[in-house]
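> Each chain is listed here by its residues.
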Amino acid sequence: MTFYIRQIWRGIVRHKYKTILTGMIGVLSVLLLHIYAGNMDSTERQLKRLPEVMRVQAKVSNLNGSLEEGMTIREDRVQAIRASEHAADVVFTVRLRLGFGAFTPGEYEGNLNYYGAGMNAIGGVPGLKAEEITFFPGEDVSALESARKVCIMDAALMEREGLHLGDEVEMTSFCYRYEERSYEIFLDILGTDVYRIIGAMRIGEYEGNWVPADVIFPLDCMRELYHRQGIEFLADSGSFVVKDPFRLNECKEEMEGIGMLPVASRADFSYDGNALTIMDESFIRSAEALEENLALLRGMLPFVAAIIVLIGYICSYLSIQSRQEEYALLRSLGAGRGRSFCLFFGETAVVAAFAALCGSVAAFGFFSAAGKVSAQAGALFFFAFLAGTAAALLSLHKLSVMEMLSKND
Amino acid sequence: MDKIIEAVNVSYIYQTKYQKTKALSEVSCSFERGKVYAITGKSGSGKSTFLSLLAGLDVPTEGTLSVEGEDMRKMNRDAYRLNRASVIYQAFHLFPLLTVMENVMFPMELQHVPKKEAKARAQEYLAKVGLPETLYKKMPSMISGGEQQRVAIARAIAAGGEILLADEPTGNLDSQNEKVIVELLCKLAHEDNYAVIVVTHNEAVAAAADVVYGMTDGVLSVVRE
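If you read the protein sequences in the order shown, they are chains A and B. Here my numbering is used: the first residue of the first sequence is 1, the next is one more, and so on. Here my numbering is used: the first residue of the second sequence is 1001, the next is one more, and so on.
I should point out that these hints are in silico values taken from the structure, not numbers from a laboratory. Keep in mind that a hint or two might mislead.
Claimed, not checked - Calculated lysine-lysine pairs in the PhoX-like style (CA-CA distance at most 20 angstroms, straight line):
id, chain 1, residue 1, chain 2, residue 2
1, B, LYS1137, B, LYS1119
2, B, LYS1137, A, LYS398
3, B, LYS1020, A, LYS398
4, A, LYS243, A, LYS48
Stated by the list, open to error - Just some of the chain B residues that point at chain A, by a computed CB distance under 7 angstroms:
id, residue
5, SER1048
6, LEU1057
7, TYR1089
8, LEU1110
9, PRO1114
Positions of the beta carbon are idealized from the N, C-alpha and C atoms, including for glycine.
Required output: the full structure, derived from the provided sequences and hints.
Quick look at the structure:
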């Protein structure tokens, strides 16, 4: 091994101009490969990050797509969507009317003054941001995911009523009932309960179509009120984000299994929230474009590798033209074909490794290349260049040693 | 008789895509230690081809070439050149980027001789061929042709072999250096028991040889024994 190291080092130093030239060609090749590998890596990353950047939103609607709120979404569908592995950031809401204190349906006039909503996340109030809610110490938005008897109240309403965070307040609530045949809307009592105020909200820019809720309750708390009264729970609106848009078809299949059909614009009007509008067009278009780009870049890989093999072949072929005598002499002195090959190949391998390293460092400086890209470009250059070198060196084996050394000059 | 190489009916055919050329035709001869052999003949007569076979750079197309009874075809010919036979060329063929000392040390490095020992032995061989110590660190291009050929001889014997093959060793030298090299080769044969085989045009070199073979169109004949 010492012999090889010494001879290889000697060869590199003593053929310094060839070494420098090969090294420079190598560094330039590595830089060019960085552009190629970097492009591929960037496209791969864009594709990977696409679901984060371009979220695929799904909204529950009625079958003809004319309603996205004010619907009747069956409880089994609500729960199935909430439990689905394909759905993230699921938000379901239910609309209510309410008033302070205890009163009967007959006493609604003068008492039923406020709008309420049950929801499992604050996304149920369009435009409401978490920072627009002041919570009682120890409480946060996660309370909406529970079935506790708590509420978030409009700050202005609290001021008017002289209420504070942490206060317990008695309220009587009513739910909506939609009559499919006559298109009439009725109110059914859900009962009187005491709720603790855990948050005060001050909505900056309300973006919804309906009257903004004065009080927000946890969705599951409201579901329990429906059950207590023996009323079928029906959600008012629903939406979610497709967790993995690359498995969109699986998601659609599951939703159809739940009973959520694709929107059919020619269908009759209905309050039944049994359709799903998935806003996937932009995502699909972008993903397809990126995948096409990536396939093209990957398809170019054999050609790029072939170019580097060719560069390695040409560099080594030209270099050994002036070193044929040296090779013949090595053979004449008893160095076998393998040994002579290893000495020449070793020199190029060291230069190629150095060029790969320098090229990667330069690429890091020029293009701020990522470590993975540098490793890919460096490795591709190293192996392809050496494959070319090996091919060039094998041509030396055809050389007639005696013929080469019998020349008189 | 101390026979080291024996050729029995050795023929060699150069074959290209379109033609076959018989370079050697049923050559039979033998070479002994302690003698200088000269093979003479015109250019293209097959001398260098025969030398190439003797050096183990190729094998006969027909016939048998054996080294101490071992068929050249079956032996490791790289090891044979590394340890037993060395070739000296007309154009010296020293490594141009190695110093005189490094050139002589090179075969020993190939044999994995420790560097210190190789250096000591190289000094000994360079002294044996009469090269002044002041030249040891010079590059080959900085010394004369005669000196370069002496370095080539030192390198050849540095491997510790017993067969010295020379292809027109004095072809590029003046008469004074030619005399020195011929004397050196004779000394190596007669005093150090090398089998020295010289391919030459030169009559003075042939005259100094113990045995002279002539080669005409690939056929070997004894000129003087």
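> Determine for every hint whether it applies to the structure shown.
For each hint, the structure was consulted:
1. LYS1137(B) <-> LYS1119(B): Between LYS1137(B) and LYS1119(B) the Cα gap is close to 12 angstroms, so the pair holds against 20 angstroms.
2. LYS1137(B) <-> LYS398(A): violated (34 angstroms)
3. LYS1020(B) <-> LYS398(A): holds (18 angstroms)
4. LYS243(A) <-> LYS48(A): Given pair LYS243(A), LYS48(A) holds - Cα atoms ~13 angstroms apart, limit 20 angstroms.
5. SER1048: holds (5 angstroms)
6. LEU1057: holds (5 angstroms)
7. TYR1089: Holds, because the Cβ-Cβ distance from TYR1089(B) to chain A comes to roughly 5 angstroms (cut-off 7 angstroms).
8. LEU1110: At about 6 angstroms, which falls below the 7 angstroms cut-off, the nearest Cβ of chain A leaves the hint on LEU1110(B) intact, so it holds.
9. PRO1114: Violated, about 10 angstroms.
Consistency note: the structure conflicts with the earlier hints numbered 2 and 9.
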